[in-house]
Amino acid sequence: MRVISGSKRGKKLVEFAGGDIRPITDMAKSALFNIIFDSIADADFLDLYAGTGSVGIEAISRGANRCVFIDSSRESARIISKNLEITGFAPKAKVIIAECAKALEKLAGRFHYIFLDPPFFDEIDHDVFKIIERKNMLIAGGRLIIKHFEKVKPPDCFEKIKLCDTRRYGNSMLSFYSAAVETKSEEGEKI
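Note that the sequence shown covers residues 1 to 191 in the UniProt record's numbering.
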């Protein structure tokens, strides 16, 4: 596993020992950043179920302002911290060890990108979506992206966050959502 592009291109990252964890493939990660490349510079990025942190680290390498990594595993937090040390990105990052829904309840701030990579065969936790939406954590025009198993159906939409695209990479899917952009009518009321 490595950083694909940006300031730390080619830098090797620490991986999990054993085969229980399924990190995002280089192909899917490359495709993800090819889709969002034009707006990653100076973005605030949230990496949920962060695993090794490779997606958030890729975002920083490509110019993101900062990344918050959340994972419930102490081993994941150790690996993320090691990868941040290897890349020199620790000053641009925060690592939180907690279950995602609980961490989101306590987390302040808004993000241009929120990436979720829940355990591969698990159903997607809709509570996480509800918290993100209720707390208005996704900046208007921002993107929420879920990596999931092809047989796991992602939510269609919520009040402010709408599914806009889905791409397949092997048996993995990337589902892209966008936050509605608030507009004002001629009378000045929000639509």
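Honestly, the hints are just simulated from the structure, not real lab data. Backbone N, C-alpha and C fix where the C-beta goes; we use that ideal spot for every residue, glycine too. Treat the hints with care, as some may be off.
Claimed, not checked - Result set (SDA-like, lysine to any residue): computed pairs, CA atoms no more than 25 angstroms apart in a straight line:
| # | residue 1 | residue 2 |
| --- | --- | --- |
| 1 | K162 | F176 |
| 2 | K130 | K162 |
| 3 | K102 | S61 |
| 4 | K11 | D42 |
| 5 | K151 | S39 |
| 6 | K135 | I40 |
| 7 | K12 | C164 |
| 8 | K11 | E99 |
| 9 | K8 | S30 |
| 10 | K135 | K151 |
| 11 | K8 | K92 |
| 12 | K106 | N136 |
| 13 | K106 | D42 |
| 14 | K130 | A98 |
| 15 | K151 | S61 |
| 16 | K160 | R74 |
| 17 | K151 | N136 |
| 18 | K151 | I139 |
| 19 | K153 | A180 |
| 20 | K92 | H126 |
| 21 | K82 | K162 |
| 22 | K11 | R74 |
| 23 | K106 | E150 |
| 24 | K153 | M27 |
| 25 | K160 | I139 |
| 26 | K135 | I86 |
| 27 | K160 | M173 |
Claimed, not checked - With beta-carbon atoms standing in for the labels, derived distance ranges:
| # | residue 1 | residue 2 | range |
| --- | --- | --- | --- |
| 28 | D165 | G88 | 31 to 39 angstroms |
| 29 | T166 | P91 | 31 to 39 angstroms |
| 30 | I86 | I35 | 20 to 28 angstroms |
| 31 | D165 | S81 | 16 to 24 angstroms |
Among all the numbered hints in the text so far, which are the ones the structure does not match?
-> 3, 5, 7, 8, 10, 15, 16, 17, 18, 20, 21, 23, 26 and 31
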